[in-house]
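**Student:** Knowing the structure of chain V, use the given hints to seat chain G on it.
As they're listed, the protein sequences go chains V and G.
Here the first sequence is numbered in the UniProt record's numbering, starting from 1 and rising by one per residue.
Here the second sequence is numbered in the UniProt record's numbering, starting from 1 and rising by one per residue.
Each hint should be verified, as a subset may be incorrect.
Copies of the same chain are indistinguishable here, so a pair counts whether it falls within one copy or spans any two.
Stated by the list, open to error - In silico DSS-like pairs for lysine-lysine, Cα to Cα no more than 25 Å straight-line:
(1) 92 with 230
(2) 9 with 200
(3) 9 with 230
(4) 180 with 230
(5) 98 with 180
In short, the hints are calculated from the structure, not lab data.
Number of protein chains: 2
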Amino acid sequence: MKKFVNDPKNYVAEMLEGVALANPDSLRYVPAYNLIMRADAPRADKVSIVQGSGSGHEPAHVMVVGRGLLDAACPGDVFAAPPMDYVYETAKLLASPKGVLLLVNNYTGDRMAFDMGKEMAEADGIRAEILTVNDDVAVQDSTYTVGRRGVAGNFFVIKAVGAAAEQGADLDEVLRIGRKVNDVTRTMGVALTACTPPAKGSPLFELGGDEIEFGVGIHGEPGRERRRIKAADAIVDDLLEAVTGDLPYRSGDRVALMINGLGGTPISELYILYRHAHRQLADRGITVGRSYVGEYCTSLDMAGASLTLVRLDEEIDHLLAAPAEAAVRVC
Amino acid sequence: MKKFVNDPKNYVAEMLEGVALANPDSLRYVPAYNLIMRADAPRADKVSIVQGSGSGHEPAHVMVVGRGLLDAACPGDVFAAPPMDYVYETAKLLASPKGVLLLVNNYTGDRMAFDMGKEMAEADGIRAEILTVNDDVAVQDSTYTVGRRGVAGNFFVIKAVGAAAEQGADLDEVLRIGRKVNDVTRTMGVALTACTPPAKGSPLFELGGDEIEFGVGIHGEPGRERRRIKAADAIVDDLLEAVTGDLPYRSGDRVALMINGLGGTPISELYILYRHAHRQLADRGITVGRSYVGEYCTSLDMAGASLTLVRLDEEIDHLLAAPAEAAVRVC
Chain V
1 MKKFVNDPKN YVAEMLEGVA LANPDSLRYV PAYNLIMRAD APRADKVSIV QGSGSGHEPA
61 HVMVVGRGLL DAACPGDVFA APPMDYVYET AKLLASPKGV LLLVNNYTGD RMAFDMGKEM
121 AEADGIRAEI LTVNDDVAVQ DSTYTVGRRG VAGNFFVIKA VGAAAEQGAD LDEVLRIGRK
181 VNDVTRTMGV ALTACTPPAK GSPLFELGGD EIEFGVGIHG EPGRERRRIK AADAIVDDLL
241 EAVTGDLPYR SGDRVALMIN GLGGTPISEL YILYRHAHRQ LADRGITVGR SYVGEYCTSL
301 DMAGASLTLV RLDEEIDHLL AAPAEAAVRV C
Chain G
1 MKKFVNDPKN YVAEMLEGVA LANPDSLRYV PAYNLIMRAD APRADKVSIV QGSGSGHEPA
61 HVMVVGRGLL DAACPGDVFA APPMDYVYET AKLLASPKGV LLLVNNYTGD RMAFDMGKEM
121 AEADGIRAEI LTVNDDVAVQ DSTYTVGRRG VAGNFFVIKA VGAAAEQGAD LDEVLRIGRK
181 VNDVTRTMGV ALTACTPPAK GSPLFELGGD EIEFGVGIHG EPGRERRRIK AADAIVDDLL
241 EAVTGDLPYR SGDRVALMIN GLGGTPISEL YILYRHAHRQ LADRGITVGR SYVGEYCTSL
301 DMAGASLTLV RLDEEIDHLL AAPAEAAVRV C
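In isolation and in its complexed conformation, chain V is listed as follows (with noise of 0.2 Å):
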């Protein structure tokens, strides 16, 4: 294993301990629960919000703890939910008087965790809820799902919920808010290469050399098919025809576009996906009205890319252009 670690037992507190080191004025680290939390959170004028998963997504979702995004943060270990008394903890830390909502991306052992712990935490007379992403459109079930995964479009969910809290939403307009996202949001993915667990240390599963997994799950979990690699032109296709069928979208659509970075797939390859992603919507009458490109929700060091649509109203472009301020920036 070739990595930037230590003893890969702290990999997730580690890097937990470098993002509070570079925000120390905007965010606070909470060893004793794993979360990283908004220096100013609580507030008593706005909702929290609140999400949680495993690990190996980042910058999802320690790193989008800030204004107009996250309140909160509380990881697990590498693609493992955070225990249900962490989720209860945060839900504490993190309670207002306006309420918490707790985001989950839609994965079992995920929800059992956020499920539990919005009941203790409701039994110590907080008031939260829970809203459930599911954008993927890969498979119907999973390794690890009930349902649809929940996977990059989770980046917009969290834009338009924390924009909609920062501007003094109630929790119910929120949960509203966010319902509606996800409702328009369609992801597909795709793996060149896997990834590699530190605690594991080799390859998380077998990939041949001219292969690739199409409609991979974010910690490796198989898609739709094997498929064998083609141009980069003719795998866009492939994904666009995956995600504009499923909603569908539709020639006159304005949309929000997103190509993520899967870890290690340098920018380069991803702005080659979006070009040909943009014209081929445009053949289709389908408008880009907002672009995403880089790394959103990763699989540690797996070279690959998904691809994401929103279908855009009035309201949702009015909160995904809000201003908002994530650990992960460039100046």
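**Tutor:** Relative to chain V, chain G alone:
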């Protein structure tokens, strides 16, 4: 080769098209000269800032064109300098009455192209200056360089001169600031794997399963030595020793700390490196005043990282804090 690529000959052009399509209001792509420029450039009230270099280092430099950063980038093919006439045409397109600053990372091929492009522009009456960046402490001369190489620390020069130009500084003043930032910036990198240029289709060099290249160049050219891989913290110690001893950086200094990913390394690992570097600097009495973690100057899909320090004073700190907008962004 497992990459998202069509015909490798079109790799750069397709990437540039993607960048332009994703930023239709702010950027313009000029295929004839392989350049990306701000849609509002040149502006009569500011010095134009231009950088060229080989491609394959994205986001450097085509994705850091924008307000407060570059006015244009004219990349060559992958790991190849731009042709001199493209530099000349770029200088003409960006000609402002206040002049043009041409930034060059120190590689012999790039310097030749820019020296000649500048001469051709001056013959047309365009006022231009060249600023050479050479922040890499790894080797004194290298495969492609007389003198030290220019690598990720280049970002800080761009950010500072971009801010100064935006604030109305004249060409002499912008040049003074760029030289000043370059003089207090030092970088050292390490590769865990080789990179694969699309046109070659196989790794550019071989590294054993337990080997790293300490002091690697961003084209995969050799650094100081091959070593056995170590724990992340020990690698940071070695990078810090090389960097801090060079200026040197001393107790009482306030610095910007960048951990730059080389393309194939996930951001989680970069924060593990950041954590130890930040703490080690604190132990030496050196305060990290500004932090930068992510990809700034890559080497295609190479797994690896570099560490950069910039000694801050009030002027540099102010310029690095100025507003800026890059094509690469999260929200």
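**Student:** Taking the hints in turn, state whether each one holds.
**Tutor:** Against the structure, the hints:
For a Cα distance limit of 25 Å, the shortest separation of residue 92 from residue 230 qualifies neither inside one copy, at 49 Å, nor across copies, at 40 Å. Within a single copy, residue 9 and residue 200 get their C-alpha atoms as close as 11 Å, which meets the 25 Å cut-off; across copies the closest is 38 Å, which misses it. Proximity of residue 9 to residue 230 under the C-alpha cut-off of 25 Å is restricted to the inter-copy arrangement: shortest distance 16 Å between copies versus 38 Å within a copy. For a Cα distance limit of 25 Å, the shortest separation of residue 180 from residue 230 qualifies neither inside one copy, at 35 Å, nor across copies, at 48 Å.
Taking the shortest Cα distances, residue 98 and residue 180 sit within 25 Å of each other inside one copy (20 Å), while across copies they are farther apart (50 Å).
Checked against the numbered hints above, the structure breaks hints 1, 4 and satisfies the rest.
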